[in-house]
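Could you put together the complete structure from these sequences and hints?
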Amino acid sequence: MAKKVALLQGNEACAQGAVYAGAKFFGGYPITPSTEVAEVLSVELPKVGGKFIQMEDEIAAMASVIGASLTGAKSITATSGPGVSLKQELIGYACIAEVPCVIINVMRGGPSTGMPTGPGQSDVMQAMWGTHGDHAAIALVPDSCQEIFTETVRAFNLAEKYRMPVQVLFDEIVGHMRERIEFPEPGELEVIDREAPSVGPEDYKPYDSTKGQVPPLADFGSEYKYHVTGLNKADDGFPTTKASLVDAEERRQIDKVMDNIADIESSEEYLTEDADVVIWAYGSTSRSARYAVNELRKEGVKAGMFRPITLWPFPAKRTAELAEQAKAIVVAEMNLGQMVLEVERVAKGNCVVAHEGRVDGDPINPGQIMDKVKEVL
Amino acid sequence: MAYDYEKSIRPGKLPHIWCPGCGHGIVMKGLIRAMDTCELDRKNTAIVSGIGCASRLPGYLDACTLHTAHGRAAAFATGVKMAKPEMNVICCGGDGDGTAIGGNHFIHACRRNIDMTYVLMNNYIYGMTGGQFSPCTPTGDLASTTPYGNPDPIFDISKLAIGAGATFVARTTAAHPREIDKLIVKGIQHKGMAIIEVIDDCPTTYGRRNKFRSVIDMMKRLKAEAVPVKAAAKMTAEQLEGKFLTGVLFEDTEKPEYTAQYADVIKKAQCA
Ligand SMILES: Cc1ncc(C[n+]2csc(CCOP(=O)(O)OP(=O)(O)O)c2C)c(N)n1
Ligand code: SF4
Numbered sequence: 001m002a003k004k005v006a007l008l009q010g011n012e013a014c015a016q017g018a019v020y021a022g023a024k025f026f027g028g029y030p031i032t033p034s035t036e037v038a039e040v041l042s043v044e045l046p047k048v049g050g051k052f053i054q055m056e057d058e059i060a061a062m063a064s065v066i067g068a069s070l071t072g073a074k075s076i077t078a079t080s081g082p083g084v085s086l087k088q089e090l091i092g093y094a095c096i097a098e099v100p101c102v103i104i105n106v107m108r109g110g111p112s113t114g115m116p117t118g119p120g121q122s123d124v125m126q127a128m129w130g131t132h133g134d135h136a137a138i139a140l141v142p143d144s145c146q147e148i149f150t151e152t153v154r155a156f157n158l159a160e161k162y163r164m165p166v167q168v169l170f171d172e173i174v175g176h177m178r179e180r181i182e183f184p185e186p187g188e189l190e191v192i193d194r195e196a197p198s199v200g201p202e203d204y205k206p207y208d209s210t211k212g213q214v215p216p217l218a219d220f221g222s223e224y225k226y227h228v229t230g231l232n233k234a235d236d237g238f239p240t241t242k243a244s245l246v247d248a249e250e251r252r253q254i255d256k257v258m259d260n261i262a263d264i265e266s267s268e269e270y271l272t273e274d275a276d277v278v279i280w281a282y283g284s285t286s287r288s289a290r291y292a293v294n295e296l297r298k299e300g301v302k303a304g305m306f307r308p309i310t311l312w313p314f315p316a317k318r319t320a321e322l323a324e325q326a327k328a329i330v331v332a333e334m335n336l337g338q339m340v341l342e343v344e345r346v347a348k349g350n351c352v353v354a355h356e357g358r359v360d361g362d363p364i365n366p367g368q369i370m371d372k373v374k375e376v377l
Numbered sequence: 378m379a380y381d382y383e384k385s386i387r388p389g390k391l392p393h394i395w396c397p398g399c400g401h402g403i404v405m406k407g408l409i410r411a412m413d414t415c416e417l418d419r420k421n422t423a424i425v426s427g428i429g430c431a432s433r434l435p436g437y438l439d440a441c442t443l444h445t446a447h448g449r450a451a452a453f454a455t456g457v458k459m460a461k462p463e464m465n466v467i468c469c470g471g472d473g474d475g476t477a478i479g480g481n482h483f484i485h486a487c488r489r490n491i492d493m494t495y496v497l498m499n500n501y502i503y504g505m506t507g508g509q510f511s512p513c514t515p516t517g518d519l520a521s522t523t524p525y526g527n528p529d530p531i532f533d534i535s536k537l538a539i540g541a542g543a544t545f546v547a548r549t550t551a552a553h554p555r556e557i558d559k560l561i562v563k564g565i566q567h568k569g570m571a572i573i574e575v576i577d578d579c580p581t582t583y584g585r586r587n588k589f590r591s592v593i594d595m596m597k598r599l600k601a602e603a604v605p606v607k608a609a610a611k612m613t614a615e616q617l618e619g620k621f622l623t624g625v626l627f628e629d630t631e632k633p634e635y636t637a638q639y640a641d642v643i644k645k646a647q648c649a
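Same order as they appear, the protein sequences are chains S and D.
Numbering follows our numbering, in which position 197 of the first sequence is assigned residue number 197; successive positions increment by one, without gaps.
To convert a position in the second sequence, counted from 1, into our numbering, add 377.
Hints were generated in silico from the structure; no laboratory data involved.
Treat each hint with caution, since some may be false.
To be verified - The calculated lysine-lysine pairs, modelled on DSSO-like cross-linking and capped at a C-alpha distance of 30 Å, are:
#: 1; chain 1: S; residue 1: K256; chain 2: S; residue 2: K298
#: 2; chain 1: S; residue 1: K161; chain 2: D; residue 2: K420
#: 3; chain 1: S; residue 1: K211; chain 2: D; residue 2: K390
#: 4; chain 1: D; residue 1: K645; chain 2: D; residue 2: K406
#: 5; chain 1: D; residue 1: K611; chain 2: S; residue 2: K24
#: 6; chain 1: S; residue 1: K242; chain 2: S; residue 2: K298
#: 7; chain 1: D; residue 1: K645; chain 2: S; residue 2: K47
#: 8; chain 1: S; residue 1: K24; chain 2: D; residue 2: K406
#: 9; chain 1: S; residue 1: K205; chain 2: D; residue 2: K536
#: 10; chain 1: S; residue 1: K47; chain 2: D; residue 2: K632
#: 11; chain 1: S; residue 1: K242; chain 2: D; residue 2: K384
#: 12; chain 1: D; residue 1: K390; chain 2: S; residue 2: K242
#: 13; chain 1: S; residue 1: K205; chain 2: D; residue 2: K645
#: 14; chain 1: S; residue 1: K242; chain 2: S; residue 2: K211
#: 15; chain 1: D; residue 1: K644; chain 2: S; residue 2: K24
#: 16; chain 1: D; residue 1: K632; chain 2: D; residue 2: K420
#: 17; chain 1: D; residue 1: K644; chain 2: D; residue 2: K632
#: 18; chain 1: S; residue 1: K205; chain 2: S; residue 2: K161
#: 19; chain 1: D; residue 1: K568; chain 2: S; residue 2: K24
#: 20; chain 1: S; residue 1: K4; chain 2: D; residue 2: K645
#: 21; chain 1: S; residue 1: K242; chain 2: S; residue 2: K24
#: 22; chain 1: S; residue 1: K298; chain 2: S; residue 2: K374
#: 23; chain 1: D; residue 1: K645; chain 2: D; residue 2: K620
#: 24; chain 1: S; residue 1: K211; chain 2: D; residue 2: K568
#: 25; chain 1: S; residue 1: K161; chain 2: S; residue 2: K298
#: 26; chain 1: D; residue 1: K406; chain 2: D; residue 2: K644
#: 27; chain 1: S; residue 1: K47; chain 2: D; residue 2: K406
#: 28; chain 1: S; residue 1: K205; chain 2: D; residue 2: K384
#: 29; chain 1: S; residue 1: K47; chain 2: D; residue 2: K568
#: 30; chain 1: S; residue 1: K205; chain 2: D; residue 2: K390
#: 31; chain 1: D; residue 1: K420; chain 2: D; residue 2: K384
#: 32; chain 1: D; residue 1: K607; chain 2: D; residue 2: K420
#: 33; chain 1: S; residue 1: K3; chain 2: D; residue 2: K645
#: 34; chain 1: S; residue 1: K4; chain 2: D; residue 2: K568
#: 35; chain 1: S; residue 1: K47; chain 2: S; residue 2: K4
#: 36; chain 1: S; residue 1: K47; chain 2: D; residue 2: K644
This is the structure:
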């Protein structure tokens, strides 16, 4: 049977991916350029018995998402930079309380209101370091409408599997671009549900990690009664200031991600095998990078592209290998130098690391990248 | 026979963190009695709070308890209730938590008329952080950040709730413990947003600074200033000067409840 196809905008593809993943709750606050995610989910969620609520602000939206998730509903919110800034407080809450949820950030430029309708990639460090305190982060950066669909599904899977917030960052270009999408059949993409507790209500401890780094999460309103707090807590969920317990819990919450990078990581490489110069680009910028690689190859330059799809945890191992292989890595991103700092960190001076950035609301074009490559080679 | 509070308290969680004489404990006992009267199934009951001394209350109670971030209780609770409308949802917290940092969430939860019971402990101060003034600290009073007397006007929480659209609003004080559970019971039985404001006391950071020599003095003040709505009807404006009303201040059983409204949205979406 032929697959269902449609011409969808990135934001619409995201909403459809959420439904495919089994989302049952959306709490949000409108903001350009992410609004269509909310609009489509306001149509689709009630059809599957899910709930859509427009809250009074992004803090409330994030709070509602965490509350809903604790009842067992797969939960999602969508916003852009200014909204993520407000959500940061409770993204940290979802980290420490270990509550699965998906946060879509359709990135625009600028600090503050910036350029609401212009694209940007300047929230990539915020996705890692935005909330206060030590924590791990997972952030995915799709570059096409189809990939937005699949990465939204994967974001839910990772959130449920690792019991934490997962961010999907796409820039305004990908969010508003329209492309042909093939809808996967039910069952075609893996859909992961959160693990149910294996012990009875009397023995349940919401942060008991003796059986694994990610303790199972019981639903509020089931047979299980337990306590959730944003304070540092012991395995029973109740606050503690005991140094050894606090230390162990904080480390476990980071280790559960960092020990499983192989499972979380995803990237694409294009002509990197023999590359002398690697263009390191993500999201819509990788489209220009791919074009630049093709043009440079025509001119006899051995260029290749590395495109992280999982941006956090940072693809350190592969980036370091490429730094050893290549003469130069050119990081192209719509900001004034963010992921390039990580690339420099892991390249350890083994190759030239250059940055090609742009923040004027126009996309980075292939010519711009090619010029930079020629400059550094 | 003494009332059995123990069965509602999580084993090993006492002693609580509250100072001797703090009103929050009186409110907690009232809440326990109310939940017993309503025979709430604790497994199916979420008790949600923000941050502050008052917000530590849920941790002691045997239920699904959610101690969130400062001011955010109503927003978390909205998510819980929307996702699982069959759950009983109770919010609790302080005046600073609910009406300063959480003011926006508070008024919008009232506006939606979502079915929950919000027990707001108004002790006129930020207790947990050491006695800074809150939106409910009486004008002229002393707080650690109003050393010359508080220049700010106050929020009247109950009026705020009524104005914002809550459909059950009641007020009492920690000096009227028997009324606390009666009003909470009514709030739980009410279908919609029920606000129960309990004016209580913080001897440690408010009382001391404002020359209340003992908790008894603070209780006397609450008794002197509280006027039941019925009694107030027979009093002149002059007699009511400096007093506040207690009892059920507002009730509306007509306004639709939010999750019921959303159930209709689901029906429409599924028929379309
Ligand atoms: C975002 C944030 N800002 C400030 C604080 C500090 N803080 C903790 S409790 C509190 C005030 C609590 O006062 P109230 O809600 O009236 O409760 P009480 O302690 O008097 O019971 C403040 C300001 C915080 N925890 N989080
Ligand atoms: S500081 Fe005040 S509000 Fe906090 S526990 Fe002590 S008396 Fe109660």
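### Message
Run through the hints listed earlier and report the numbers of any the structure violates, in increasing order.
### Response
1, 4, 5, 6, 8, 9, 13, 21, 23, 24, 25, 26, 27, 32, 34
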